[in-house]
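Student: Sequence:
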Amino acid sequence: MTPAEALQLLAHAAAFDNRQPSQIAGRAWAAALHDIPLDQDTLDAVAAFYGTNTLDGAARFDPTKRRWLEPHHVRHHRQQIRNARLAETNAFYDGTPGETGAESIQNMRALTRSAADGHLPPQGARAAITSGHGVDADGRGRAILNSVGRESLSRRPEFAASCPHCGAAAGVPCRNGHAPRLRDAHPSRIEASRRLAAGLPQIDPAEEAAERARRISASYHALNRQAAAQDEETAAS
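Just so we're aligned: 197 in full-length UniProt numbering is position 197 of the sequence shown, and the numbers increase by one with no gaps anywhere.
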């Protein structure tokens, strides 16, 4: 906020408290609010301050007790306005495979700022995908910024097929339970993508589960036979 903008803010506050803005006050408020822009949220913060009575006890009804806006009040109420908007949007950055730590932080901040600015209205997953706000959304309707884009995922061969393990659709990163999305695909998805590229039929999930159970059972019986043989050798010696 510049001194000129701070004077505009003080003029707006004067409509509530009849203060007399000055050049000195403008410079002081600009220094205190140097990182706060003069936007609608800042003006709304002034209205929020004067629209709520936080005086205690008899002071609430004492005409000689009046509220007086200070820079920290503007900062506090503006943040509350933006936090409420962010909570309503339910924005959540879920990461992009291959991005660096610095890129992840930058993208997360960009999404949070966009949501707090009101550029990401709350809506369901399908609506968010087609809303034109430059975000995607997962099945829980949480807005996700994807700076690289889904096309980059589809170019990675291991993401070509849907994941038999976690159910992620083609071109969408895998998930590990409720944890953030994985940078690498699950092994069963890698196999499914390999078969898809080779033109081979996909393995039926039921058949795969039955084969897994057969292998576990075979390993169990083999271990039992090995333990029995060791017991016989011990007894013979």
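In short, the hints are calculated from the structure, not lab data. Mixed in with the good hints, there may be bad ones.
Label pairs and their calculated CB-CB ranges [stated by the list, open to error]:
#1 Asp204 x Ala84: 44 to 50 Å
#2 Arg109 x Ala222: 52 to 58 Å
#3 Arg113 x Tyr220: 53 to 59 Å
#4 Thr100 x Pro37: 26 to 32 Å
#5 Glu232 x Pro157: 46 to 52 Å
#6 Arg109 x Leu223: 32 to 38 Å
Just so it is clear, CB atoms sit at the ideal spot from N, CA and C, and this is done for glycine as well.
Student: So does Arg109 sit 32 to 38 Å from Leu223, Cβ to Cβ?
Tutor: 53 Å, violated
Student: Within 52 to 58 Å: is that where the Cβ-Cβ distance between Arg109 and Ala222 falls?
Tutor: 54 Å, holds
Student: With 53 to 59 Å as the target window, see if Arg113 and Tyr220 comply at their CB atoms.
Tutor: Taking Cβ atoms as reference, Arg113 and Tyr220 lie about 55 Å apart, which means the hint holds.
Student: Could one say that the CB atoms of Glu232 and Pro157 fall in the range 46 to 52 Å?
Tutor: 50 Å, holds
Student: Is 26 to 32 Å right for how far apart the beta carbons of Thr100 and Pro37 are?
Tutor: Given range 26 to 32 Å: holds, Cβ gap about 29 Å.
Student: Does the Cβ-Cβ separation between Asp204 and Ala84 fall within 44 to 50 Å?
Tutor: 49 Å, holds
Checked against the numbered hints above, the structure breaks only hint 6 and satisfies the rest.
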